[in-house]
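Protein chains in written order, with our numbering: chain W, 12 to 178; chain A, 582 to 1012.
Bear in mind the hints are in silico, worked out from the structure with no lab data behind them. The C-beta atom is built at its ideal place from N, Cα and C for all residues, glycine as well. Hints may be right or wrong, so weigh each one.
[To be verified] A short, non-exhaustive set of chain W residues, derived as facing chain A with CB atoms under 10 Å:
id: 1; residue: 48
id: 2; residue: 76
id: 3; residue: 101
id: 4; residue: 109
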Amino acid sequence: MATIVLKLGDDISTDVIYPGRYMATVLPSETPQFAFADMTQFNAKLKAKEIPAGSIVAAGKNFGCGSSREQAASALCGHGLTIIAEDFARIFLQNSINLGLHLVICPGFAASEGEEIELAKETVVNKSSGVSFPILQLPRARQAIIDAGGLIPYTRQRLLASTHRAP
Amino acid sequence: MGMTIVEKILARAAGRDTVKAGDVVEPRVDLAMSHENGALVINQFLEVFKDTGREPVPWDPSKIAIIFDHRVPAESPKTASNQKKIRAFVARHAITKFHDIRGDVGGICHQILPENGYVRPGFVVVGTDSHTTSHGALGAFAFGIGATEMASVWTLGIAVNVEVPETIRVNVTGRFPRFVGPKDLILHLIGVISAQGANFKVIEFYGETITRMSTSGRLVLCNMSVEAGATSGIVPADEETLRYLRDEAGVKEKLVPVTADSDAHYVRVVDIDVSSLEPQIACPHTVDNVKPVGQVAGTKVHQVVIGSCTNGRLDDLEIAAGIVRGKKVAGGTRMLVFPASGRIYQKALAEGLIADFMAAGAVVMNPGCGPCLGIHEGALGDNETALSTTNRNFKGRMGNPQSEVYLCSPAVAAASALTGEITDPRKGTGE
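This is chain W alone, in the form it adopts within the complex (with noise of 0.2 Å):
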């Protein structure tokens, strides 16, 4: 079981994740403290720990659009969020499958701040309305960076699979 502290709705921008005026804040072990840093409320909660790891920020289509910056995905992952939407914009999606933060594609996913939810492996389910909604699963082509515990080791295993790097 797990709360949905955040209810967000369609194209919700890095910007708003995490506003350009933080980015010369480059750290995973940094960003954390400016995730959704214009939302003053929800951010003073994140900062004082009142939401624990594994809570969800629930958004509609094409979560994470806008900036490559890296900082929305690890400022997200700090905090343990996990995010389910109906889908992710594309650089947003491979930084977080890079960097570990959890997403859940979950098409017509509706739900309420406050509701608990149960994440299972192929679905969603509200426990306050019932509602169960089918989970669309990772691009399969992401797979192996996700088994590897994100694209640093990913990439040291290839590296070091490798005599030669590309010339």
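Chain A: place on chain W using the hints.
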């Protein structure tokens, strides 16, 4: 079945005869671009090599480009220290495609790459910036990636596990009316297909209007393709591409355009006739909230911004200067002009455009990303409105979530600076 341009480029780069949309390939990268976020790339790159016993040396420093543009000159000790860290890395690995904060060769990455001939038709270009899509204007496949993925590219020289995208074909016909141009076309297209309409797809641009369009205009189309979610925009390389690269970018090597097969498969075809297109405005807070200028004319504007990787090129400045020349920016409205590169700034100086802007009351800033993403200059006050030739109007984009940003062409921006409200340049220039 025949191949689209992106299929052909990825087949070549992956060493295969053919690929089709949905295939997973690992293309060799021809150019890998970063800006100040190179500081994070370096961090992740060193992390990859940690405890491997291997020397952390990039696969091919000649294919790495680093351009300082997002925070120039540095706005904070933190940024200055990031830039310093990057300079040291650049020197250690002899990265030659490095553009520091300079008036002669500096500027915005998406102008510096084309004007120096770093991008060629058929290239696979990756950049740690979402507007890397711009470089499809030269017939390349160019897409944005995150910093960790760039660290992987620096390590392996390939982009790992790339799914070959499907392609949307956009056919454009007709001649632009006066004061209507590429920016209006791309805003109109985004309005039609939506901010998600090209997610995970490539947009190829065709038609007589595109054939006649300068590389500068094509860069506008491909730059903003990402605002429809596209992985890349691509204009097939043609005579104009070769002219630009030879005559303006000084490229001497043989260039080989990549074209789509006549029986290539497109998931969607969009036809647009620009001959009756009106100036377009993207209204707050999404880029696909697009309306003809007439529907928002009269909206009070506190700040007008002309510049950026979208519309900071010489032809943009010429259009804007032509409108404000001999006139005055309205009281209560600030007009900020950011040429896209030092080279463009110098040409604008030589043509007298900078003098025109300053005499009208505009402030001409140094080349760079400027106020576009709300980092360190040109911030908006609470409840203020900006009208900008940049590419994004998301809530908080220019640094203040209590402000609004409208997007438009240089002609609309300049005409509106004179009146202090959103103005149709076909009516408002006093001619």
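Outcome of the hint check:
{"no.": "1", "hint": "48", "verdict": "holds, 9 Å"}
{"no.": "2", "hint": "76", "verdict": "holds, 6 Å"}
{"no.": "3", "hint": "101", "verdict": "holds, 5 Å"}
{"no.": "4", "hint": "109", "verdict": "holds, 5 Å"}
The structure shown violates none of the earlier numbered hints.
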